[in-house]
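Peer 1: Protein chains in written order, with the numbering used here: chain A, 1 to 196; chain B, 1001 to 1287.
No wet-lab data here; the hints were simulated from the structure.
Relax, there's no trap hidden among the hints.
For lysine to any residue, the following SDA-like pairs were computed, each having C-alpha atoms within a straight-line distance of at most 20 Å:
#, chain 1, residue 1, chain 2, residue 2
1, A, 94, B, 1039
2, A, 94, A, 47
3, B, 1061, A, 82
4, B, 1061, B, 1096
5, A, 94, B, 1174
6, A, 94, B, 1240
7, B, 1061, A, 89
8, B, 1061, B, 1042
9, B, 1061, A, 46
10, B, 1061, A, 43
11, B, 1060, A, 48
12, A, 94, B, 1212
13, A, 94, B, 1037
14, A, 94, A, 35
15, B, 1061, A, 90
16, A, 94, B, 1211
17, B, 1060, B, 1123
18, B, 1061, B, 1283
19, B, 1060, B, 1043
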Amino acid sequence: MVLALCWTSVVPTGSVSAQQAYQVELDAERVVRFTSRAAIEEFDGVTNRIDGFVAINTATLTAETGGDDTEFFFEVDLASIDTGIGLRNRHMQKNYLEVEDYPYAAFGGRIARAAPLSNGVFRVTVQGTLGIHGVERERSVTCDLSPIGDGYRVQCAFQVLLTDHEIEVPKVMFLKLNNEIQLELDFRIEPAEDTK
Amino acid sequence: MKSHILSALLAAMLLVGASGTVGAQQRPERFQRREQQTEAEMAVFHSVQAANLPTAETLKKGEWLFEISHRFFPPVSDGADALWGFDGPVTNRFGLAYAASDRVMLGVLRSNRSDNVELNVRTRLFEGGSEAVPVMIGLMGGLAWNTQAPTGAGADENESQQYAQLMFNALLGDRLALGFVPSLLRNPTIVDAGSETVFAMGMHGQLYVSEMVSFLGEWIISEDRGTDQKHDSGSFGIEFETGGHFFKVILTNQQLMNPTQFLGGADAEFTPDEWRVGFNITRLLAF
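Please put together the full structure from these sequences, using the hints given.
Peer 2: Structural data, given as structure tokens:
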């Protein structure tokens, strides 16, 4: 029963005939980092609060992985982002991200293709909907997945435009942000509970 | 007709099914969160200080706060000849504080008035209350030395002072923050050879019209000890804040800024012709 509940917590919807499902390994190091490089100052914000799953249509990642019968969904708890200064966190969360109304950033969609690199690493291109601040945008993002244990280490880097998500670009002193934010994700996924 | 209804029902079911596939803000139905959503940190006053009185707010562990504050001697009522007080001279204060934890701050203050140097510590004891009325309580105490005390009998041997304050803060309607600061001050009159302990009651409020702009007012009831400092201290003004700065501009009858000095009272009445301009600038730093 417990295993069944764990499975339902990560398995994709019934429309997907997945052969393998992976979930974010909560006990491993998780890093979601945004970096802003404005004219005078650069600062970043970090959180480890990312969770989600990937369901693929092959036993493990191969060059055949991808298509409509794959699925992924990840979300980040925005109120947990730490910029190093408490007051700046509060301003960012309340005035710009408006986390009371939009507490999570989420990205969900399907795997478009998985291209093998060297040493078992796959460069995976995913396509889906990125939702931040209540505004959704279709995005294509490339991540590298390296085999580690029964799962994979996931590393992604991509840019987000604040204006794409109707987030006001802060101009005030000490909270100057570039409209273009660099996002870096680094976490591990492990087989979902009943497939370990 | 029936076939139309069935078609519509089937279409609706398909749409419902489709909505359960992949979404961004809308989670897939079978994905359940395994971690609790982070709660935004509670705040009553945004700054650690009103015009003079402390709030129960503390900085985040590892943060530094640097302060420079001025009170201009000439009153605004001196007019254009004194540039409404900005010609100076001024009482100046530098401050530096460090958050040893999320609840404890250590600070040092130095005012050019009597070269008053102070070491202090503050702690946030409690935060809670209700969602409608958040409450925060803090405690602060300090030890000050007047390293260039005014001349007077016993002043050389009686230059240290101590104080302790309790800070009761509450937020009403998400906009109006109120603070009550009962305070004890040891040795308010350094020119006397003897020491006494006096009580002062501080009250302050701040109306946040936005996250970045607020209006503040402060009143400190001090005991009349028969000295020049026989008046209560009043201040009011405006505060601008960014993600790391607070900038306060005030009018006040109190020219002193260090706690062991202003808790003893003001030497001018709180009347418009005695109002002086002052400002406090603080900057948060994290290394």
